[in-house]
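Chemist: Sequence lines, in order, name chains A and B. Read in my numbering, the first sequence has 30 at position 30, and its numbers run on one by one without any break. Read in my numbering, the second sequence has 60 at position 60, and its numbers run on one by one without any break.
These are computed hints drawn from the structure, not numbers from a lab. Just to be clear, a hint being listed does not mean it is correct.
No copy labels: a pair is met if it fits in one copy or bridges any two.
As the list claims (entries may be wrong) - EDC-like, lysine to aspartate or glutamate: derived pairs with alpha carbons at most 20 Å apart:
id, residue 1, residue 2
1, Lys26, Asp40
2, Lys26, Asp9
3, Lys32, Asp51
4, Lys26, Glu85
5, Lys32, Glu85
6, Lys32, Asp42
7, Lys26, Asp129
8, Lys32, Glu90
9, Lys26, Glu90
As the structure is a computational prediction, the values presented were derived from the model and not from experiment.
Given next are the chains, with one letter for each unit.
2 protein chains.
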Amino acid sequence: MGYGVLTADQAGGFNYIGSGTIQTSKDLEPGKRLSIIRRDLDQLISEYVPDVLAIEALFFFKNAKTVISVAQARGVILETAACRELPVFEYTPMQVKLNLTGFGRADKQLVQVMIAELLCLPNIIKPDDASDALALAVCHARSASCKGEKPLSSAS
Amino acid sequence: MGYGVLTADQAGGFNYIGSGTIQTSKDLEPGKRLSIIRRDLDQLISEYVPDVLAIEALFFFKNAKTVISVAQARGVILETAACRELPVFEYTPMQVKLNLTGFGRADKQLVQVMIAELLCLPNIIKPDDASDALALAVCHARSASCKGEKPLSSAS
Numbered sequence: 001m002g003y004g005v006l007t008a009d010q011a012g013g014f015n016y017i018g019s020g021t022i023q024t025s026k027d028l029e030p031g032k033r034l035s036i037i038r039r040d041l042d043q044l045i046s047e048y049v050p051d052v053l054a055i056e057a058l059f060f061f062k063n064a065k066t067v068i069s070v071a072q073a074r075g076v077i078l079e080t081a082a083c084r085e086l087p088v089f090e091y092t093p094m095q096v097k098l099n100l101t102g103f104g105r106a107d108k109q110l111v112q113v114m115i116a117e118l119l120c121l122p123n124i125i126k127p128d129d130a131s132d133a134l135a136l137a138v139c140h141a142r143s144a145s146c147k148g149e150k151p152l153s154s155a156s
Numbered sequence: 001m002g003y004g005v006l007t008a009d010q011a012g013g014f015n016y017i018g019s020g021t022i023q024t025s026k027d028l029e030p031g032k033r034l035s036i037i038r039r040d041l042d043q044l045i046s047e048y049v050p051d052v053l054a055i056e057a058l059f060f061f062k063n064a065k066t067v068i069s070v071a072q073a074r075g076v077i078l079e080t081a082a083c084r085e086l087p088v089f090e091y092t093p094m095q096v097k098l099n100l101t102g103f104g105r106a107d108k109q110l111v112q113v114m115i116a117e118l119l120c121l122p123n124i125i126k127p128d129d130a131s132d133a134l135a136l137a138v139c140h141a142r143s144a145s146c147k148g149e150k151p152l153s154s155a156s
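Based on the provided sequences and hints, a complete structural model is requested.
Modeler: Here it is as structure tokens:
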């Protein structure tokens with residue numbers, strides 16, 4: 001699961017704070033993997049003290065197994081955020097792409113280039129999940145309701 | 001979300017310990033509802049000190065919204081169980097019905113009557129979710145691996 005943290009100023013500028021992934025081994029049982037996600041997300045919230053959490057809206061996938069395991073992780077993320085009294089905002093991948101590039105079906109790589117430019121980074125952020133999380137954070141920060149906030153975002 | 005607790009003896013008999021539901025208001029945000037589920041399940045584990053947790057296996061539903069919210073709650077349940085080092089076992093509704101009645105497509109009411117009989121209760125357990133949870137617990141207790149254990153089960 002990717003995460004990204006940034007600050008947004010009143011003038012529409014951004015400062016990159018951090019990004020990365022929460023990794024869990026596929027060999028572990030689902031409950032144990034979910035426990036690691038909760039523990040690590042809780043640590044990230046303590047470390048970065050974000051004002052809000054932006055998360056990808058989840059829709060029906062073609063693969064039933066995928067939607068169930070993603071939704072299970074999502075449940076743990078929402079619960080952790082609520083436990084830390086962190087407001088949660090959701091955006092669809094199409095909303096994020098539209099916000100970043102002006103085109104809802106934009107190429108993944110174009111979004112990554114836009115993120116690097118907006119955050120004044122010399123290279124695109126890797127891995128993809130971390131870059132996706134920063135894109136969610138930018139999308140939220142550009143919405144009218146959150147000027148000056150520091151969003152933490154997660155993308156899986 | 002329903003729950004049920006029982007003990008199983010070596011001779012195949014059962015003792016009813018308790019059952020009920022974890023209730024969350026539909027007016028609350030998803031994260032807050034999930035936090036209540038985690039808190040209440042954690043309290044139930046402290047109160048009953050079960051040996052295992054049996055949970056309904058989740059499959060693709062027709063309704064996308066249902067499968068996502070049920071899977072989110074399931075993620076929190078699995079995480080809570082892992083956090084308390086409680087082993088988790090999964091059974092499909094068909095496995096439970098087959099185990100209880102000998103017929104995988106048995107009527108819900110027949111399962112409820114069987115549960116009341118097996119647990120020597122004067123009436124069927126209400127609400128349905130609590131009775132379903134006890135049926136899951138009986139199904140698990142009858143599996144070869146768990147004689148003498150005290151299962152806590154949940155059904156939504």
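Chemist: Now tell me if each hint is right for this structure.
Modeler: Hints, verified against the model:
1. Lys26 / Asp40: Result: close within a single copy only, 16 Å intra versus 29 Å inter.
2. Lys26 / Asp9: Close neither inside one copy (39 Å) nor across copies (36 Å); limit 20 Å.
3. Lys32 / Asp51: Classified as between: cross-chain Cα gap 17 Å, same-chain 28 Å, threshold 20 Å.
4. Lys26 / Glu85: between (30 Å within a copy, 18 Å between copies)
5. Lys32 / Glu85: So Lys32 and Glu85 pass the 20 Å test across copies only (9 Å; inside, 24 Å).
6. Lys32 / Asp42: So Lys32 and Asp42 pass the 20 Å test inside a copy (15 Å) and across (16 Å) alike.
7. Lys26 / Asp129: For Lys26 and Asp129, only the intra-copy Cα distance (17 Å) is at most 20 Å; the inter-copy one is 32 Å.
8. Lys32 / Glu90: between (26 Å within a copy, 15 Å between copies)
9. Lys26 / Glu90: between (27 Å within a copy, 19 Å between copies)
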